[in-house]
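One line per chain: the protein sequences are A and B, in this order. For the first sequence, position 278 matches number 278 in the numbering used here, and the numbering has no gaps at all. For the second sequence, position 196 matches number 1196 in the numbering used here, and the numbering has no gaps at all.
Quick caveat, the hints were computed from the structure, so don't treat them as lab data. Incorrect hints may appear among the rest.
Claimed, not checked - If the Cβ cut is set under 10 Å, some of the chain A residues that face chain B in the computed set are:
hint, residue
1, ALA204
2, ARG213
3, ASP215
4, VAL226
We put the CB at the ideal spot given by N, CA and C, even for glycine.
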Amino acid sequence: MTVAASSPQPEAPRRRAQWRYWLGQYAGLLANLTPPLLYLLAFFYAPMSILLVMSFWKSGYMTLRPGFTLENYITFFTTPVYLKALSNTFFIATGTMLALIVVAYPIAFYLARMRPRYERLILYLLIIPVEINFLIRIFAWKIALGRSGIINSALMAAGLIREPLGFLLYSKFAVGLVLMHEWLPYVVIPVYLALKGIPPEIIAAARSLGASRWDVFWHIVLPLSVPGLFASFVLVYIPMLGEFAVPALVGGPSGYMLGNVIENQFLSAGNWGLGSAIGFILLTVTLALVALVVKVAGVEKLL
Amino acid sequence: MSVAGLQVTHLSKRFGKKVAVQDVSFSVQPNEFFCLLGPSGCGKTTILRMIGGLLMPDTGRVALNGRDITFDPPEKRDINIVFQNYALFPHMTVYDNIAFGPRRQGWPEDRIRREVGRLLDIAHLAGYERKYPRQLSGGEQQRVALLRALITRPQVLLLDEPLGALDLKIRQQLQLELINIQDAFHITFIYVTHDQSEALAMGDRIAVMNQGRILQIGDPRTIYEAPVNRFVAYFIGNTNLFEGTVQEVVGAQARVAVPEVGDVWGVCPHGAQALRPGLAVTLSIRPEKIHISRHEPRQEGWNRVAGVVQDIIYLGVSTEYIVRLGQGPTVRVFTQNLRPNGDHAEAITWDDPVWVAWRPAHALILPD
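So that you can see chain A by itself, here it is in the shape it has in the complex (with noise of 0.2 Å):
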């Protein structure tokens, strides 16, 4: 006769018990999620749906007929000027990222290093233009960039051009060294932060081991900075897809991106079908690319 069978328990209080402990578990984690995902319900995946579904609808001039077809998406991939604006996104923003990895990995790579104190003012230095207000940045840069601009004057002050540089401004190069100022310290901080996570006696286990400086950075250093290049990937090459006021304000006719043609499709153009088509083109390609960096790089072995 076991102890277990002579005493069955009583079911009613165990079950009670057993509720206390569900909900001593994941009450907490319930009223703390509760409230974002009601949030995002409402105001990103209710309306991310809606022109979604719209995105098949029968659209025009300020028309919307609902219905079920593909002729946004076709109107987009059969238009030259919106195949262009596709590529120029993407040449922008893959150049501005990799003149931005360029960049920002050797001032990571020394901040790392540096001692505490110039650390920090460097830190500092990096951080403050982001904080000063964006279009007074755009505003500047215009003034720097422009026909009669510093740089231009400079230069021909200097003898060293006779006409203005005119690719200087309202172009794509325009476009691009304006979103890196914005974004520098976005790729310079996870960068810095994973090279600074790389115990030192690595190194100096690579060394012993007979790597040259050379061997080190890039059979150590470079793989083991990869989980602070990709956070940097997603944290400003996505935004710079999608970016449409920097395009605008310095692009000129050559550096308008696929931010411009939606924000025309909604607010001038009126035809928010074909909007949201070319937004869910947009997005699907994005992450796609996302997917394809996480495989080649193999982010998840290091995360």
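Got chain A sorted already, so can you dock chain B onto it with the hints?
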């Protein structure tokens, strides 16, 4: 004129105002297991880093087989390092970690594959090639780190508290494995530790350090039985220290007056020449060398003092008695538990009046 082994001569290093290493010299024979032992912050790791080329000394030289390598970069030295935190490359598999050194030396890949497989077998890690460091236990990670440092057969392996982060059982097991590996590979080991029992168990010779200086270099038995000063006696193992004044010197022995205890006959392990009446000295008496008894001991020439048992600590292999000598200091006594019930033959218990006794040869007179 090549001299085999590793020579360190007059090495010094300061960080800002703090002197980390001060005029340290020693030489290590080929295939020797050499321990640098000292409390944390004594400079032993700094010495290791200077030998490994991770740090440049302010003055002094490091030479390997007669060749000056003081300012060679780490990758140009035939010396590898194993760290306490393993320092495995987290983004590489076990195989790639171990293959890192051979690849830098340009081994063909099939030779690397053979050698890695062979080493993993030896270390009981067969089949671990494709695992990542974070999937391994601490002991397994340290074995991989060891293999990674050994595979290229460096002349010298520097080990910086390699077992410090491991549990006692695994530590003891790896101590044995390390000794066996050192034997099998014929590599000079320089082993830094703050654990005196580890140094005694593993080292062919031990250098005891404190505050940036080497105090004594010797084999474990000499370090333990004939320490050169109070610090070495205190740092290695357990001991009873008494302060006293030399009264008379007779041959190799001397009579030392210890307040509250009385006169104690002792010897100076490094010769009695320096002793003269009136000199203030420290006496060191190891707890296991003291006999405890309820009856006055009869051995001729032994030191004997009466006391009262203040505490008894049962330690399994031995029992520790803490005995207060008169109104004065306490003395620790270890007795082995030879009987099944662990009791001392005479069943000494708390508050018993007892006699403690020891040979003059076991009362070491040390300068302060």
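Outcome of the hint check:
1. This hint holds: A/ALA204 has a C-beta 5 Å from the nearest C-beta of chain B, less than the 10 Å allowed.
2. Given hint, A/ARG213 at the interface with chain B, holds; its Cβ is 8 Å from that chain's nearest Cβ, closer than 10 Å.
3. The interface hint given for A/ASP215 holds, since its Cβ lies 6 Å from the closest Cβ of chain B, which is under the 10 Å cut-off.
4. With its C-beta approaching chain B no nearer than about 8 Å, A/VAL226 sits inside the 10 Å limit, and its interface hint holds.
When each numbered hint is compared with the structure, no violation occurs for any of them.
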